[in-house]
Amino acid sequence: MWKCEFKKMKMRVVVVIIIMSVLLTLVMAFKDWAVQEFSAVSQQVPEEKLPKFFRKFLSSKMEVLAQKLKEDDFYLWSQWFGKNFGQFVPLIALILAFPLFSREYERRTIYYLITRVKRVKIYILKSMTGFLALCFILILFSILPLFIALAMDWKIQAWKFIGYTLQALIGGTAFYSIFLLFSVLFKDQVKPILMGIVVIIGTAFLSISDKLRLLNIYSYIMSHNVFQDGKMDPIRTCLYVGFSIFLFLLSWLLFERREL
Amino acid sequence: MGAVIKLRNLRKYYKDVKAVDGISFETPERSIHAILGPNGAGKTTTLKCILGIIRPTDGDVEIFGVKNDPQRVLNRVSFVPEEKDLYTFFNLMDMIEYTKKMTENFDPVKALELADEFQLPRKDKIITFSHGMKTQLYLALAFAQNVELMVLDEPTWGLDPILRNKVLKMMRDLSMDRTILYSSHILSEVEKVSDKVTIMVKGKVVFDGYLEEAKSNFKCVIVPAEVNIPEELAVSISMSGKFKMVVVKNEDALDEIERLAGGRMRIEDMNLEDIFTTVVGGKIDVEV
Chain A
1 MWKCEFKKMK MRVVVVIIIM SVLLTLVMAF KDWAVQEFSA VSQQVPEEKL PKFFRKFLSS
61 KMEVLAQKLK EDDFYLWSQW FGKNFGQFVP LIALILAFPL FSREYERRTI YYLITRVKRV
121 KIYILKSMTG FLALCFILIL FSILPLFIAL AMDWKIQAWK FIGYTLQALI GGTAFYSIFL
181 LFSVLFKDQV KPILMGIVVI IGTAFLSISD KLRLLNIYSY IMSHNVFQDG KMDPIRTCLY
241 VGFSIFLFLL SWLLFERREL
Chain B
1001 MGAVIKLRNL RKYYKDVKAV DGISFETPER SIHAILGPNG AGKTTTLKCI LGIIRPTDGD
1061 VEIFGVKNDP QRVLNRVSFV PEEKDLYTFF NLMDMIEYTK KMTENFDPVK ALELADEFQL
1121 PRKDKIITFS HGMKTQLYLA LAFAQNVELM VLDEPTWGLD PILRNKVLKM MRDLSMDRTI
1181 LYSSHILSEV EKVSDKVTIM VKGKVVFDGY LEEAKSNFKC VIVPAEVNIP EELAVSISMS
1241 GKFKMVVVKN EDALDEIERL AGGRMRIEDM NLEDIFTTVV GGKIDVEV
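Heads up: the sequence lines are chains A and B, in that order. Residues in the first sequence are numbered from 1 upward in steps of one, following my numbering. Residues in the second sequence are numbered from 1001 upward in steps of one, following my numbering.
Do not rely on the hints blindly, as some may be mistaken.
What follows is a set of in silico ranges between Cβ atoms, one per label pair, in the way DEER data are often shown [to be verified]: (1) 1263/B to 259/A: 39 to 47 Å; (2) 1162/B to 19/A: 49 to 57 Å; (3) 1075/B to 228/A: 54 to 62 Å; (4) 1/A to 1029/B: 27 to 35 Å; (5) 212/A to 1015/B: 35 to 43 Å; (6) 1014/B to 228/A: 50 to 58 Å; (7) 1238/B to 1/A: 56 to 64 Å; (8) 1125/B to 1/A: 15 to 23 Å; (9) 14/A to 1024/B: 47 to 55 Å; (10) 73/A to 1123/B: 52 to 60 Å; (11) 242/A to 1014/B: 35 to 43 Å.
Below, a list of computed lysine-lysine pairs in the BS3-like style, where the Cα atoms sit at most 27 Å apart [unchecked claim]: (12) 1101/B to 3/A; (13) 118/A to 3/A; (14) 1123/B to 1101/B; (15) 118/A to 187/A; (16) 121/A to 1242/B; (17) 8/A to 1134/B; (18) 70/A to 231/A; (19) 118/A to 1100/B; (20) 1100/B to 121/A; (21) 1134/B to 121/A; (22) 1125/B to 10/A; (23) 3/A to 1134/B; (24) 1015/B to 191/A; (25) 160/A to 31/A.
None of these hints come from the bench; they were simulated from the model. All C-beta atoms in this analysis are idealised placements derived from N, C-alpha and C, irrespective of residue type, glycine included.
My request is simple: use the sequences and hints to build the entire structure.
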C-alpha cells in the first residue's frame, strides 16, 4: 500500500531531487567564482549607493560579508541553508502536499479509495507518505553538502548540520501541514497551489517585521541562530512542532467529515 | 429473505435543496434491487449515503445490521461509482495489482479473467481507455471482490448493447450468492434483471416493490370516454380519442371500474416502462 502511494508521487520526488542536486552542484562547484564576484561588486559599488531595502537584508557591511564568504563554513551556511535550500523547503513541501487529497477529489479516484479503505487509513497513508518523502528530501539535502564539503576538504563545523537539518525538518513540516490542510479542504488542485503560494509569499514578507518573527518559518528554516550561536531556537521549535501536530489533527477531522 | 440494507426516513438536504427527502426501503438478501428515476431524482445521493461517502441530514442507514456506520462493513461491500475514474498512469495490470493491495477479499486472478473477457488491453495506460473500457475495468475490479453486497451506480452507462447484456448476465449470475443494489435509468435492462424496483422522483420514493408483483398489480383499463371514473380509484387517467386509459393498482379498483363501465372495458398488462411513466408522470405515491 505504501509502495503504491510512493509510486503516485515518484515523479514529483524525482523532479525535486534533480532540481536540488543541480542547485547544490552549482553552489558547491562555483564557490570561488561566487566569492570573487561578490568581492568585486562590494569594491566597485559603495554600500551607500545600494537601495535602502537591499541594505536592510545585509546583516554585515558588504566588505565584511565578502570577507566572510571566503570562509567555507559561512559560505555553505549562507549560500545553501540560508539561500538556495532554505528558500526551496516550503516549495518542496507544497509540491509534495498539494495533490495528496485534492488530486484524488479532482480526478474522482477518491471514490475508489474511500469505498475500499477506511478513511483513517487513507489519511495516515497519504499524509505520512508525503511526510516521509519530505523528510527524505530534506535530510538528503541537509546532509549531502556536509559530505561533499568534507570530501572537498572544506573547513566546516560538521556538528552544526544537526541543527540545520532539524530546523529544516521542523520548519518544512510546519509548511507541509499547512499545505496538507489545503489539500484536504479544496476539491481541485489549483486552489491548494494558489493558497500555498500566498502562504509562502506572506511568510517571506513577515521577515520584514521583528514583531512577527515567531510566525516567520522561513527565517527558522534558514537556521541563522544555529550558525551564529550553535543552538537551536527552543521556543520556535516547540511552537512549530505543536502547530504542525495541531494542523495534522485538524486535517484529519476535516477529512473524516468530508462529503465527497 | 432478510434485508441486507434498511433505509429509514433518509434525508439529505443541501441548504434548500432536498436531494433525498425522507425515503425508506429495504434491499432483500441475494436479490437484484434497482433504483430507477429520472436525472436529479436522488439515486446517486442515496447510494452515497448508504456507503457513507456523504452524511445523511437525518434518518438511518443499516447495512448487515450495522446502523449508521458503513465504514465497519467496507470489506463486505464493493462499489462502482457513477464516474468510473481510475488511476490514469496505471495500466490494467498495475491497477489489478494496486487493487489487490488496497482491497480485502479481492481475487486478482478473477479480475484478470474478467478483464480478458472484456478484451481490455493489458499494457495500455488507463489514460488511453475510452469511457466504456474504464467502465468495464471498474466492473471487473468490483466483480472480482468476494463480497456479500455490491452497490453499482449506473453500471452499464456508456456500454454498447452487447456488452450491456454481458454485464447484466454477470450481475444475474453474481446475484446467486450476493445482493446487488444498483441505479439505472435504462428501463429495459432493469426489467430484464431486477427482482425489486424502487422508483424515485425529486428525492422521494414513488414506488417500491417487487417487479413481478408490480406487473401483476398495475393494469391499464380502457373504457369508453363517457364512463365516469372517480379519481381515487385510479393511479392515472388519460384520454385517447373516444376512450379513457385508466391505470389501476389493485383488483378492487378493477372490479369497481368494471361495474361502472357495465362490462364495456378491456384490460391490458403493463410493462415496467408503462408503470414508470405512470408513477413518475402521475405524481401519486404508490405502494404495492
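**Item:** List of violated hint numbers, smallest to largest
**Value:** 1 and 16
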